[in-house]
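Fit chain B to the known structure of chain A by using the hints.
Residue numbers (numbering that gives the first Met the number 0), protein chains in the order written: chain A, 0 to 185; chain B, 0 to 193.
Calculated from the structure, these hints are not laboratory results.
Using N, Cα and C, we set each Cβ at its ideal position, and we do this for glycine too.
Don't take each hint at face value.
[Claimed, not checked] DEER-style ranges, computed between Cβ atoms:
| # | chain 1 | residue 1 | chain 2 | residue 2 | range |
| --- | --- | --- | --- | --- | --- |
| 1 | A | 68 | B | 180 | 52 to 58 angstroms |
| 2 | B | 179 | A | 28 | 37 to 43 angstroms |
| 3 | A | 120 | B | 123 | 34 to 40 angstroms |
| 4 | B | 25 | A | 64 | 27 to 33 angstroms |
Residue strings, one per chain:
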Amino acid sequence: MAIADEERALVDRFLADRDERAFREIYRQHCPALYGFARHLLERDVAVEDVVQEAWLRAVRRLPSFDGRSSLRTWLIGFVVNCCRESWRDARRHGTEQVADDLRKDAAQPAESHAEKLDLERALARLAPGYRTVVLLHDLQGMTHEEIGELLEIAPGTSKSQLARARQVLRSLWAMPVRHGGEDGK
Amino acid sequence: MENKDREWTEQERAELAALLRQSAPPAELERRVIGRLATAGLLTRRRAPVAHRSWLLAAGLALLLVGFGLGRWQAPSSNAGPMARYLLLLHEDESFRPARAPAALQAEVGRWARHLQQAGELIEGDRLGRQGHLLTPSGPATGLAPGDVIAGFFVLRAVSDERALAIARTCPHLAYGGRLELRRIQPDGRVGAL
Chain A
0 MAIADEERAL VDRFLADRDE RAFREIYRQH CPALYGFARH LLERDVAVED VVQEAWLRAV
60 RRLPSFDGRS SLRTWLIGFV VNCCRESWRD ARRHGTEQVA DDLRKDAAQP AESHAEKLDL
120 ERALARLAPG YRTVVLLHDL QGMTHEEIGE LLEIAPGTSK SQLARARQVL RSLWAMPVRH
180 GGEDGK
Chain B
0 MENKDREWTE QERAELAALL RQSAPPAELE RRVIGRLATA GLLTRRRAPV AHRSWLLAAG
60 LALLLVGFGL GRWQAPSSNA GPMARYLLLL HEDESFRPAR APAALQAEVG RWARHLQQAG
120 ELIEGDRLGR QGHLLTPSGP ATGLAPGDVI AGFFVLRAVS DERALAIART CPHLAYGGRL
180 ELRRIQPDGR VGAL
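This is chain B alone, in the form it adopts within the complex:
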C-alpha cells in the first residue's frame, strides 16, 4: 500500500482528536433536548428551581414595544390531537414600559417562543405593524385610533383553557406592564370569548 494510505501519524491523530474537542454543543441544546423528551413523555421533569424559571416571567414582549423584529415562528405540525388553539393578543398602551435594550428583548422573546414551540404549545407568532386601517360600513378606511395598540400575537395550542391561561401568564409582556387578551379559536372558525 502506498505511503499515503498508512495509519495516521501521531501528530495527525492529535490534530484529529483536537478537531472534536473544538465542537462543544451549545448549552441551549440540553434544555431543548430535555424539553422535547418531556413533551414526548420519555422523561419525567424535575420541578425547576424558581430562579431557573424566572426568565420566563420576563421575556420578550419587546417585540411589541420596540417595534422590533420578532421574526416569525411557525411550529411544525403536531400530532397533539384534541388540543385547542388560542389566540393571544398583546396590547400595548401607556402602561407598557419597555425596560430592556431591543436586542435583549428580542432574545427574550425568542427564548420564550422557542420554549413553547419545543413543547408543542406554540403554532406561530408575529409582531404587528403599528400602522393599520380601520374600516367601517360607510366612509373611507381610516388609521387606527391611538392609545391601545395590538402589537403582536401568538397562536397557542393547549389542552385546556386553564393550560392556555397558564401559558399566557408566562408571557414576558406582562412583566413590562402590557396587557394580554386570550381567546379560544373555535373549531368551526368563529372566534369566541374564552
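Same shape as in the complex, but just chain A:
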C-alpha cells in the first residue's frame, strides 16, 4: 500500500468512530516533526506545547476535509504555522516580543560582521520569522515552493527568493562545525 493510501486509511479509521488508538498512531507519526518545527519557529519554549496542542485541535476539527492533495504532514504543518503566527501576534500585542507581523516583509540582513558565529540552532533563531519559516518549511520539512506559497499566501517565486535570502543570512551567521575524515574538529 502506498504511503498516501496508508495515511488515508488511518485517517478514515480515526474518523469512522473517532477512535483514540487510531489518533495516537497519527499523533506519534507526525507530532515529533510538528513539535520540532514549532520549537524552532517560535523560539519561546514556553509557548510551544500550547501552540502544538491548539494546532492538533484545529486540525482534527478539520480532518474530515483533508483531501489528500498534499501529504498529511504538510497539511498538519499548515495548522502549526498559523498557530505560531497567532502566537507572534499575541506576543507583540502584549509587548513581550517584537516580531514582524507580515511574514512577507521581513527585513533581516546578512550579518555585516562575521565576528560572531553561532551554532545552527541559535543562528536559525536569529533569522527574521519569515525567513525562518521558509527555511524550516522547505529545508527541514521538505515542502515545495508551491506548497509554501499556498500556505503562506505568497507566490511560489516569492518563497523561492525568500529562501535564497534566508540561506544567505543563515550562512552568514552559522558557524558550521568543521569535520575532517569523519571526525569532528573545530
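Relative to chain A, chain B alone:
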C-alpha cells in the same frame, strides 16, 4: 547567483536534519492533546487501564500539607454553558499524613490540576496560608483555632453534583488521609450546601 545562495551541502543538510531530531515532544503533550480532543468531543476515549489512572488517586494534596507552593491555576474561560461551579475545600487535621517529598507532592498536584484544567473542569485553585484571622461580632480578631485547618481550595466546574463528587474523589488529598468538603456555588452568589 553567489556561492552563498547555493543549495546546502551534504554536511549542512545533515546538520539541519539533526536539528529536528533533537526536538522530541514531551510525553506529557500526548496526554494533553488527547484530553483536549476528548473534551471537545472530537475523540472517543478508550477506558484507561486501572494502573494508568492510579496516579490520579494519589496526587498532590501535598500542597496543603507541606505548606508548599501549589502556585495558582486559573483556567481560561470556557464555553461550558450551564455547568455549575463547586468549591472544594481541603481540610487538614491530625489524620492527614503526608507521605511524599514536597517536590514530588507538588508535581502530583500539578498533574492533577492540569488534568482537570485541560478537561475544562478546574477554574482555579490555590493553597491557603496556615495563619489567618478569626473575626467575631465583638472583640478583636483572633488567630485561627488549631486543629482542623483548611489548607487549600479548588473551584471546579461540573455538569452535575454527581460529576463534581466524582472529581472530588480523585483528589489526591483523600489518599493522604485528608478530608474534603464540596459545596456548590449558587448562581445568585450564596454558597449553599450540596
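Checked hints:
{"no.": "1", "hint": "68(A) x 180(B): 52 to 58 angstroms", "in the structure": "57 angstroms, holds"}
{"no.": "2", "hint": "179(B) x 28(A): 37 to 43 angstroms", "in the structure": "42 angstroms, holds"}
{"no.": "3", "hint": "120(A) x 123(B): 34 to 40 angstroms", "in the structure": "37 angstroms, holds"}
{"no.": "4", "hint": "25(B) x 64(A): 27 to 33 angstroms", "in the structure": "29 angstroms, holds"}
The structure meets every hint from the earlier list without exception.
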